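Student: Residue-level listing of the chains:
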Amino acid sequence: MKSLMVILLSAMLTDNFVLSKFMGICPFLGVSKKLDSATGMGIAVTFVMMCATLVTYPIHHGILVPNDLEYFDTVVFILVIALFVQLVETMLKKCIPSLYKSLGVYLPLITTNCAVLGVTVLNIDNSYSFGESMINALGGGLGFMLALVIFSGVRRKLEYADIPETFKGVPSTLIAASIVSVSFMGFSGLFS
Amino acid sequence: MAENKNSLGKELTKGILKENPTLVMLLGMCPTLAVTTQAKNGIGMGLATTFVLLGSNIVISLLRKIIPDKVRIPAFIVIIASFVTLIGFLLEGFVPDLYDSLGIYLTLITVNCIIFGRAEMFASKNGVVASACDAIGMGLGFTLALFLMGSVREIIGAGQWMGLTIPVMSKDPMLLFIMPAGGFFTLGVIIAAVNKLSKKKTPQELGCKGCPHAETCGKSGGDCQ
Numbered sequence: 001m002k003s004l005m006v007i008l009l010s011a012m013l014t015d016n017f018v019l020s021k022f023m024g025i026c027p028f029l030g031v032s033k034k035l036d037s038a039t040g041m042g043i044a045v046t047f048v049m050m051c052a053t054l055v056t057y058p059i060h061h062g063i064l065v066p067n068d069l070e071y072f073d074t075v076v077f078i079l080v081i082a083l084f085v086q087l088v089e090t091m092l093k094k095c096i097p098s099l100y101k102s103l104g105v106y107l108p109l110i111t112t113n114c115a116v117l118g119v120t121v122l123n124i125d126n127s128y129s130f131g132e133s134m135i136n137a138l139g140g141g142l143g144f145m146l147a148l149v150i151f152s153g154v155r156r157k158l159e160y161a162d163i164p165e166t167f168k169g170v171p172s173t174l175i176a177a178s179i180v181s182v183s184f185m186g187f188s189g190l191f192s
Numbered sequence: 001m002a003e004n005k006n007s008l009g010k011e012l013t014k015g016i017l018k019e020n021p022t023l024v025m026l027l028g029m030c031p032t033l034a035v036t037t038q039a040k041n042g043i044g045m046g047l048a049t050t051f052v053l054l055g056s057n058i059v060i061s062l063l064r065k066i067i068p069d070k071v072r073i074p075a076f077i078v079i080i081a082s083f084v085t086l087i088g089f090l091l092e093g094f095v096p097d098l099y100d101s102l103g104i105y106l107t108l109i110t111v112n113c114i115i116f117g118r119a120e121m122f123a124s125k126n127g128v129v130a131s132a133c134d135a136i137g138m139g140l141g142f143t144l145a146l147f148l149m150g151s152v153r154e155i156i157g158a159g160q161w162m163g164l165t166i167p168v169m170s171k172d173p174m175l176l177f178i179m180p181a182g183g184f185f186t187l188g189v190i191i192a193a194v195n196k197l198s199k200k201k202t203p204q205e206l207g208c209k210g211c212p213h214a215e216t217c218g219k220s221g222g223d224c225q
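Residue numbers (our numbering), protein chains in the order written: chain Z, 1 to 192; chain R, 1 to 225.
Hints in this document: simulated from the structure, not taken from any laboratory. The model shown is predicted, which means the values in this text are computed figures rather than measured ones. Virtual Cβ for every residue (Gly too), placed ideally from N, Cα, C. Accuracy of the hints is not assured; some may be wrong.
[Unchecked claim] Coverage of chain R stretches by chain Z, computed from C-beta distances (three or more under 8 angstroms per stretch; other residues unrestricted):
#1 74-86
#2 135-141
#3 175-182
[Claimed, not checked] Straight-line distance between alpha carbons at most 27 angstroms, and here's what the computed BS3-like set of lysine-lysine pairs gives:
#4 Z:Lys157 <-> R:Lys196
#5 R:Lys18 <-> R:Lys171
#6 Z:Lys168 <-> R:Lys65
All chains, full assembly: derive it from the sequences and hints.
Tutor: See the structure below:
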């Protein structure tokens, strides 16, 4: 139980996917302008990460490893994620239209979010058990959401700041991200 | 013929400066930030990406009339992932050091927006030779940007450069620069410098240009919200 807690918290804080592993930078910079879209994207990513882990883990250990096909990991995983995103989108549209309305726009963008592929590959690389993998996916997703939500607050303030012409737009956003990243460095050494 | 050659040359060089994928079009940020703690890793990552980009661009442009429009995204993904697996094997066999230091980011070339973006925007609409030139140009531009990032971070953060020790910097290197925070900072400053040098009137915004879902998303314009 304790080790699961450590995995959850370290995926969220010390090894935050966005701020220390640099995965999912594109949505981090693109969707973090408003708080509600940041939250929506975060929930969608967490959901897809967990579902992707749920599917890829049995595929890796049940089909690929017994047949010595581990090198197909990348191809199979990305295909599973792409299909899965499509499936979730269709299902939400039919079954829970209200949720689809709020998450729908973010779903297609998730296929090319490297954090999702990253978490499935990391689970295999670290040889986590099924439970640990799911917790790692949950922590990764929550950490992603945390980074997005915090950063959307920073960006709102940034809009009113008087920034030199050259630094307007992406450069200032990146430098702000660097400062947020420094604040996350404070968590390092929390678990040894 | 001369005109043809001219346009091929343009495809080749546009990626290096005018449409540099990382510094101007702002694609492929994840590897740019993640592996550039050393100049050497930057070059390795850049060349690996160039290889995948070249392979996938050629194959996709050859198959562009065969792949039905509806399944093109999964088809592209499979082609790209196959090339990533291939370069993984090659690096593991011939350059194990680089393979170890790139780690998971090698696998993540699969979801690099540059490759997907070029497949969608260029290779699926143009001939093989033009696509190959485009891939080489974009790949070199990416490699150059990564090398620049890696050099800055390695010199300031570790006081070394490509195995050489920099006399003044190595005494008290600013460790922050090889940490994640330094990556964001360095990239921000480099993009600002590029903005200044190219004297752009309007500040750069993250656009839907390279986004493979721009069509389905329907929210073309400044941001993908």
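Student: Can you list which hints this structure breaks, lowest number first?
Tutor: When the structure is compared with the hints, numbers 2, 5, 6 turn out to be violated.
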